[in-house]
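Let the hints inform the model, and build the full structure from the sequences given.
Quick mapping for you: the protein sequence lines, in order, are chains C and F.
Going by our numbering, the first sequence opens with residue 1, and the numbers climb by one from there.
Going by our numbering, the second sequence opens with residue 623, and the numbers climb by one from there.
If you're looking for bench data, these hints aren't it; they were derived computationally from the structure.
Not one of these hints is a red herring.
To give a feel for the contact side, a few chain C residues facing chain F, derived at Cβ under 7 Å:
id, residue
1, Thr56
2, Leu86
3, Gly91
4, Ala93
5, Met429
6, Thr430
7, Ser431
8, Pro516
9, Tyr550
10, Ser612
11, Ile616
12, Ala619
These numbers were taken from a predicted model, which means no experiment stands behind them.
Using N, Cα and C, we set each Cβ at its ideal position, and we do this for glycine too.
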Amino acid sequence: MTTYFAGNYDIAVIGAGHAGIEAALASARLGCKTAIFTINMDAVGNCPCNPSIGGTAKGHLVREIDALGGEMGKTADECFLQSRMLNRGKGPAVHSLRAQIDRRKYSDTMKHKLELQKNLELRQAEIIDIQKYENGYTLTTRMLAVYECKAVIIATGTYLGGRIFVGEVSYESGPDGIFPATELGKSLKNLGLPLRRFKTGTPARVLKSSIDFSELEVQKGDEPPQPFSYETEHLGENKVDCHISWTNDDTKQVILENIHRSPLYAGRIEGVGPRYCPSFEDKIMRFKDKPRHQLFIEPCGLSTEEMYLQGMSSSLPEEVQLKFYRTIKGLEHCVIMRPAYAIEYDCVDPLAMNATLEFKDFPNLYGAGQFNGSSGYEEAAAQGLVAGINAALKVLGREQVIFTRDNSYIGTLVDDLVTKGANEPYRMMTSRSEYRLVLRQDNADERLTPLGYEIGLISEERYNKFLKKQEQKKAEIKRLKSTVISPTEEVNKILVSRETSEITTGVRLIDLLKRPQLGYEELKTVDTDRPDLDPNIFEQVEIEIKYEGYIQKQLKQVEQMRKLETKLLPKDFDYREIKGLRLEAQEKLNKIKPLNIGQASRISGVSPADISVLLIWLAQNK
Amino acid sequence: MNEKTIAAISTAQGEGGIGVIRISGEKALEIADKIFKNINNKKITEMKGYTAAFGKICHNGEEIDEAVALVFRAPHSYTGEDVVELSCHGGIYLTKQVLRAALSAGAYPAQAGEFTKRAFLNGKIDLTEAEAVIDLISAKSKSAARAALFVKDGALRKKIDGVKNDLLSLVSHLSAWADYPEEDIAEVTDDMISDTCKNSVAALEKLLASYDSGQAVKQGIDTVIAGKPNVGKSTLMNLLSGCEKSIVTDIPGTTRDIVEDTVLVGDVILRLSDTAGLRETEDAVEKIGVDRARKRLTQCGLLLAVFDNSRELDDEDKALLDSAKDVPSIAIINKTDLEQKLETSYISDNISKIVYISAVNGEGHEELVKAVEEIAGTANLNPSEGILSNERQRLAVSNALNSIKEAENALSFGMTFDAVTVSLEDAISELLELTGEKTSDEVIDRVFHNFCVGK
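And the structure:
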């Protein structure tokens, strides 16, 4: 078979899922001639699992992507069906936005954006081979077209060597019945990438008219709903409701009787599955005493009758699925349109990458998304953005950017992956960030928009708007410090009603806002000179005032860590040469090759004494 | 470059003599001023380098000791930083009190080899000596690791683990509840948080109080080697001492007296005492010794009863076996290099664990180690009272305590749980520092282990 030369690109992105999209858009927008390859043109930006974007910590990621000029937040806003701010009342660090979205519309919108993007070419092609050549990498497609690319970003999701399991049935496949990438894995292995198998899964989609909603609890969206993007001005109304139901003893019985037919329990799946996304049968087996489990019934879009059963992922045979779904209230007569399945796929050990998401041993080769061992659309998009930005900066001869644990969840995600590795699909959680009160979803723009501007993904216009907002915020804090509220009857009535002590002398507005019981909302009738500002400004100001002590404390910890991160370690060095290091530390350091002392200190198995030894060695070799 | 000011006892001293507490770092002079009252009222911050002053060390309004303060100004000091050396009257108790005063005035306990490390980083030690500095640090960290090993099985570790586990359960519940808002996870209530805080505060305060009693730092299983004269007790003692000595706490000086008789046998630390041979005697002085030895036998944590393979069992041996009934014991039959005359069935009737050795040529050493490890693992030996044994431990516990109190305050003030969680996590990471684990991994592992969360 003869190949033909089909063209060259600065950057090629393999895969047009959530990671590939952000990578390709960032690269093209930074001025690189970019190609994005997808196995199936109708699967661009597909959501093969839940029809929603955001959620705890994931909502933070979407806000951060938006603050850097990424696309996920905007598109989610355009396709939203229902939006809720989760964790209200649990504190600002854990407030997280989540939106149900119309998944077909999301996919179409993203595809169209790629098509319209300058410098970007969207191609339907399966990449079957990757080879190094002097100026980068060559990619060969199934149709034997050869492309020469300066840099390549691998974002293959669950397509790479994908295999689906439903009970005793198993076959090679990507998600949603799309064919998998069967050849590329071998090529990547030959190149020398450390590949391994992970597993994930999804529940069934059932026909809406077969569900009896009459006795189910309804879950409505927030009024008014909030957008993800700092640039979305009008979101519109919530369009759908979700519903809640519960499993029962009968459900459990069906599972227990059929557990031997699960491919996982029968030992046919070798991939490591995520602890947080267990199949329903896993939940039953691991938490035997739990009498019932919650599930959410979520619409997949406005132009479809498919309903998603969140919490009911399974790899049991189709007939068993139907049997156990039908034990659930409201689903007694449900009709399965797509069965639940488990999918096993190839991914890479992220310890082989730098924090830029470039492979240490393969210059100009980057990885993003599920390929890197993560899970979730948002985690994928975040990495896509990082890889896209850095591949472009590298090709352009500019300095690459490392996102840090103290500026973003994006940085935390990447640092966790490349420092601690992933032994199972990695999901973002607020508990993973030690600087939670600083990295909030409300202040993502403050943390990242200046960086996005510097990189070149934030327009002059948007940046000026951002600067103006910061000015207004400063002025508002100043106003709160200088405005004194007199101890009138009206004020004290509010204070008493909020169960906080009355005032007897004039008190500054800022001091009243420090009280946990009071906020802008409670004080609006007595705060008569309040300017008309973007609600996000009020939100940020109120949080910063209330949590000032905690924020200061975390900022101090950030300072200490930053000092360690300025002490850079060499990239090519054999740590076995430093005798004073313990053996375990030598091995870990050699594997991970941390960029600096700070990153080294986060590696499990590297002790404080090892860090001292490294510091001395650094000084000695200055 | 090191923003933390550190302090440690820098002399090896037992009772008597002079004890020196060295404080080094940007704030050394300031910290010294807080605890040192110059007799002529001149402040240490106003003193020039290479000068000395006489005065008193005070802490919490109490005079601890008289002392001489030597002031060194950067870069003209051992570490190249500002340094104050406080020379006081010495003695474990007094010297530790002075160190404590320095730490509560804002200094941090120095890490293993840290003064030398700073000296090196500040160019006070020649580059060619780097290797030696690295060796020093890794040697010290090894001995600290051995101390930590001890902590692992000890009563202290259990107490700290108890508090740590309570806090981890609470924080992982808070995390699961925050990270999986739509899962069926029980709501965390104010009461749950305040109950855990209250219990943890009580436990940690008790620990701190035990340290404050100034109890001598003695670690390891109180072990007695007993047997009739000439059975080979001292040889055995030397054999055991020869394996690994220097099980020390990381405060220089406090341990010198312990080092002599504390040995690491496998993973177990034994505090050995050799006893006078057990025999009936008319000699008044020897009788006192024998009586003492008998008394020790009944109080020790582990008895190594030694018998002579080359002699027949006699009444003294039988008396020893009689005492062995009440304490965890190992029968050691020595001198296997000589012809056997000993009838062992009587011994095995009384002590189930028997080891044959030849202390002279080292045979049976491995079996002995195994026996000690086994008995230490099963006999529920309580090597110490579970007290804090050094300043670093004390500071970590005290910091953890403060963080928990901060969480309690935040809760009563009506702050949201995310803020409360941050303080609780600080407390956990202080406690984890004692055991070398890492916080966020621990919490997340527990979320997945204890809660049924999914998609």
